[in-house]
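Number of protein chains: 2
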Amino acid sequence: MKQLIDTAMGRRNGDLVLKNGKIIDVFSGNIFTADVAITDGKICGVGNYSSDNEADLHGKYVIPGLIDTHMHIESSMVTPAEYAKTVMPHGITTVIADPHEITNVCGENGLKFMKKSAETVPLDIKFMLPSCVPATPFEHSGAALTAEDTKRLAPDFFGIGEMMNYPGIVNCDEETLSKLIGDRIDGHAPMLTGNGLDAYISAGIKTDHECGNTEEMLEKISKGMYILIREGTLSKDLAHLINGLNPYTLRRCMFCTDDRFIGEIHRSGSIDYCIRESIELGIKPIDAIIMATQNAAECYGMKQKGAIAPSYDADIIISEDLSLTKITQVYKDGILVAQNGAALFDTTPTDISSVINSVHLPKITPNFFAFMPKSEFFPAIELIPDTIVTKKVSAKISDSLSKVCVIERHHNLGTKGFGFVTNYGIKNAAIATSIGHDSHNIIVIGDNDVDMAEAVNALGKSGGIAISKNGEILEHLPLEIAGLISTKPAAEVISQHDKLCKTAREIGVTDGIEPFLSLAFLPLPVIPEIRVTDMGLFDVTKFEFIE
Amino acid sequence: MKQLIDTAMGRRNGDLVLKNGKIIDVFSGNIFTADVAITDGKICGVGNYSSDNEADLHGKYVIPGLIDTHMHIESSMVTPAEYAKTVMPHGITTVIADPHEITNVCGENGLKFMKKSAETVPLDIKFMLPSCVPATPFEHSGAALTAEDTKRLAPDFFGIGEMMNYPGIVNCDEETLSKLIGDRIDGHAPMLTGNGLDAYISAGIKTDHECGNTEEMLEKISKGMYILIREGTLSKDLAHLINGLNPYTLRRCMFCTDDRFIGEIHRSGSIDYCIRESIELGIKPIDAIIMATQNAAECYGMKQKGAIAPSYDADIIISEDLSLTKITQVYKDGILVAQNGAALFDTTPTDISSVINSVHLPKITPNFFAFMPKSEFFPAIELIPDTIVTKKVSAKISDSLSKVCVIERHHNLGTKGFGFVTNYGIKNAAIATSIGHDSHNIIVIGDNDVDMAEAVNALGKSGGIAISKNGEILEHLPLEIAGLISTKPAAEVISQHDKLCKTAREIGVTDGIEPFLSLAFLPLPVIPEIRVTDMGLFDVTKFEFIE
Chain A
2 MKQLIDTAMG RRNGDLVLKN GKIIDVFSGN IFTADVAITD GKICGVGNYS SDNEADLHGK
62 YVIPGLIDTH MHIESSMVTP AEYAKTVMPH GITTVIADPH EITNVCGENG LKFMKKSAET
122 VPLDIKFMLP SCVPATPFEH SGAALTAEDT KRLAPDFFGI GEMMNYPGIV NCDEETLSKL
182 IGDRIDGHAP MLTGNGLDAY ISAGIKTDHE CGNTEEMLEK ISKGMYILIR EGTLSKDLAH
242 LINGLNPYTL RRCMFCTDDR FIGEIHRSGS IDYCIRESIE LGIKPIDAII MATQNAAECY
302 GMKQKGAIAP SYDADIIISE DLSLTKITQV YKDGILVAQN GAALFDTTPT DISSVINSVH
362 LPKITPNFFA FMPKSEFFPA IELIPDTIVT KKVSAKISDS LSKVCVIERH HNLGTKGFGF
422 VTNYGIKNAA IATSIGHDSH NIIVIGDNDV DMAEAVNALG KSGGIAISKN GEILEHLPLE
482 IAGLISTKPA AEVISQHDKL CKTAREIGVT DGIEPFLSLA FLPLPVIPEI RVTDMGLFDV
542 TKFEFIE
Chain P
2 MKQLIDTAMG RRNGDLVLKN GKIIDVFSGN IFTADVAITD GKICGVGNYS SDNEADLHGK
62 YVIPGLIDTH MHIESSMVTP AEYAKTVMPH GITTVIADPH EITNVCGENG LKFMKKSAET
122 VPLDIKFMLP SCVPATPFEH SGAALTAEDT KRLAPDFFGI GEMMNYPGIV NCDEETLSKL
182 IGDRIDGHAP MLTGNGLDAY ISAGIKTDHE CGNTEEMLEK ISKGMYILIR EGTLSKDLAH
242 LINGLNPYTL RRCMFCTDDR FIGEIHRSGS IDYCIRESIE LGIKPIDAII MATQNAAECY
302 GMKQKGAIAP SYDADIIISE DLSLTKITQV YKDGILVAQN GAALFDTTPT DISSVINSVH
362 LPKITPNFFA FMPKSEFFPA IELIPDTIVT KKVSAKISDS LSKVCVIERH HNLGTKGFGF
422 VTNYGIKNAA IATSIGHDSH NIIVIGDNDV DMAEAVNALG KSGGIAISKN GEILEHLPLE
482 IAGLISTKPA AEVISQHDKL CKTAREIGVT DGIEPFLSLA FLPLPVIPEI RVTDMGLFDV
542 TKFEFIE
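Each protein sequence line maps, in turn, to chains A and P. Numbered by my numbering, the letters in the first sequence go through residues 2 to 548 in order. Numbered by my numbering, the letters in the second sequence go through residues 2 to 548 in order.
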């Protein structure tokens, strides 16, 4: 603190002075020219400063580092360290990460791995403790965190991760309520309104990132929730929410990515993309930036983040424009960490021994998939483009149907569930994946049992995504860590994933249907209308398994 | 929590339902009609609710309880309990109190007394730990709180009270910096700008209630400070600050009263007055209310205060108008505590034995005040109407001069300081008071030594304010607690104080000069230009005693 004061008073040189920048003042909504003095990773002065170590900004903008308020790093398919290398050049300096996916597979070992990997990079990754492991009782997960575990682990985490068990809350389930520890608890309450919403908020849950429309969003804001406007790879909410805000409600909103694939971040950005998109849709640049900085910091009680002002963390973006398409430098705690789109730091490998080999299955033969519906007409799944919601339809056996099977893979319990998808389009081929929200069992889809067995066997102990055709493996992206995350650099993962996408189209996957994420969400028994888990076909509307 | 959830879900009746109110929604800036369900002192639902215990509001406004963000209860001249009875009918449900005055007299006993008295009433009084006891080294106080004391006591307090020692901070005085504990530290930085302000904020101090003008206020906001717009009895800042705000900077502002006499609160209000005055000056009613509620709660991290929403404290004002001139009910934690201007709760007496008899002086004789300046012309004090700033002027002995003497009264050290005031106007009389910021020594002013001795002796061991004329005591308001606070009900204190004011005018105190507060601030050696303490006459501009 003394060094900050001494620097501010001019008795000591700042570690770094950013000269002649245009300061984005989130507190007044103004932009003004000044120098920024930095010492010990903190901003200690905004005014006229000089130092032996100066960077002349020549009038570029000085913008607080962006904050992603809710996300699952696992959905990027790369390690926290690789994630940081990709996202920091985009100006993201802090993320609030919920390691919900890896924990459903690896339990506490997953939490430890994520934290260890995060420690190797300058990105400020604040970990929430997952509250719903397993997510539902309708599937088998790899691990469970009880209320007792939650109580024991909570002090080491930033807060409690999204509480998806809305029925548990409003019905006062003892175990569920016991997990609500502290005053930083993320919510997850799609379509919840009225009395149910009052009850959910009364439990002390103060954020939501699942607003389907502006009416729902505005009710949640009125009732005291902060809204995390989500722009993920599959769920894109920004365009239909952002224009529902006024200057009052804007104060209660920020951005998050939730589930965003590393390739999309690389190509389009992350929270910087949210700012661009908001501006495109008519939001004032300063307001979009305030959402991504000050509002986010305020919501999560991060008093030293979100502004260019004395005593704030020196998390700073230098950009030629307010749309952040021309970010020239990113500083984290006063250290230059990215320049002209490239991260300037290296990552050191993290021990992965406790989170690999997470797939526990014997060799599968084609007759594993022998399954016939009991009647001529049976309930089937229709995928809908650009959403994870599915439609329950009536089908009969035909060439256009794809068979899907979800196989428990954590403890080799031998459970499997079958279903049929009407419009996936796959021909003479199969796709298998170990990403299956939220328990991440193996999902395999195909039109013949030979390819289905081949694709599952290709995953081996590691998991990943594999495509087989006519009995041969065409592509395989191993996801060695928990069957969710690659050990490879982001660029390799992106390139391999691009190939997978191309191949999926070649084997017939319907245009408009995302080939892998549409599979990954098939087992999630809380999203309407029909799902399939390792325990069977599930009617979400009736909330029961289909015989 | 279960009861809140059960009530929200309609499985249980609310303890109280306020029906058909117009809800002031601080989050959206809107006003809408709804019922408010309350259970266990918390709001658990805003919508359609019913209960065995309903109050039909017939369309009256439902407004969050107001928050006074910085104040010294001692300046009201009544106990915390009496203060609560006066202020709660005005809609104030939370105050952040800095017991700086009584601590300067009684040390930790003063802190304990204030907390004990506060416990007897429903007003939520959050105590800050005074950081500057004594306030300066240029006077003798009754007690001292060292950095070590501060460290020991801080966990039992809401935060650290206003850090007035700006030079100590910017010069990195070890003892001063050590007092900055935690992240809720109030500032006090009049006229501080530029590098000094950067340094002060870098120390982690994030509020200020001493802005002299809008330029100073806006610089402080830009640099991350929250601004507490003050409307005290002597220092009235609202009118010259409130119109300097825009929708962005407004978010960082709230109200405080700092030092406000109980009579003024009774007649004009407190934070409710700030709202009225702001509306009068052109601020939108919703914005004025947001400042007094949501902004205040946000600044001080009181997550459950400042809004009418589920999980919030049921601190609620029912009013017929948004200017709060027609408050019909005030609820605190769901309990009706005031109705139509009257408090509905009784106070129980607090043990005062450790904070009485704080004046330690022998009997004073007229020759105690024998004092003559050494030269024909000498420096004297000119009082300025409506401010505590004084002017240093040159004077010579004449009938129009008043003699002032400040006498150490805590430990009978025998120190005294003399000065002359040019425009106080008192004739054949004297006024003595034990209120003398911030060390609260005895101040006596008069035009003859007999009356001066008489007035001081009248204070006895208790202190208070006394007026003597021609050797007789005309009025005496005893302030038994620390010489600052009366043990009497507010109404009696107000009535007695009115008599004192009337008598002061009768003995000649100049119109426009507040007779007692102008004296009370005479010893404060940090306010320009010339002061007198028990250690002598002090030139504030030169920051040294005058020979």
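Derived from the structure by calculation, the hints contain no laboratory data. Note that beta-carbon positions come from the ideal geometry of N, C-alpha and C, so glycine has one too. Treat the hints with care, since some could be wrong.
Just a few of them, taken from the derived set where beta-carbon distance is under 7 Å, the chain P residues facing chain A [claimed, not checked]: (1) 3; (2) 29; (3) 173; (4) 182; (5) 184; (6) 199; (7) 248; (8) 253; (9) 312.
Results for each hint:
1. 3: holds, 5 Å
2. 29: Hint holds; residue 29/P Cβ to chain A Cβ min 5 Å, cut 7 Å.
3. 173: Given a least distance of 5 Å, the restraint on residue 173/P holds.
4. 182: At about 12 Å, which exceeds the 7 Å cut-off, the nearest Cβ of chain A leaves the hint on residue 182/P violated.
5. 184: It holds, given that the least Cβ distance between residue 184/P and chain A is near 6 Å, below 7 Å.
6. 199: holds, 4 Å
7. 248: At about 5 Å, which falls below the 7 Å cut-off, the nearest Cβ of chain A leaves the hint on residue 248/P intact, so it holds.
8. 253: Residue 253/P check passes; min Cβ-Cβ to chain A is 6 Å, inside 7 Å.
9. 312: holds, 5 Å
Checked against the numbered hints given earlier, this structure breaks only hint 4.
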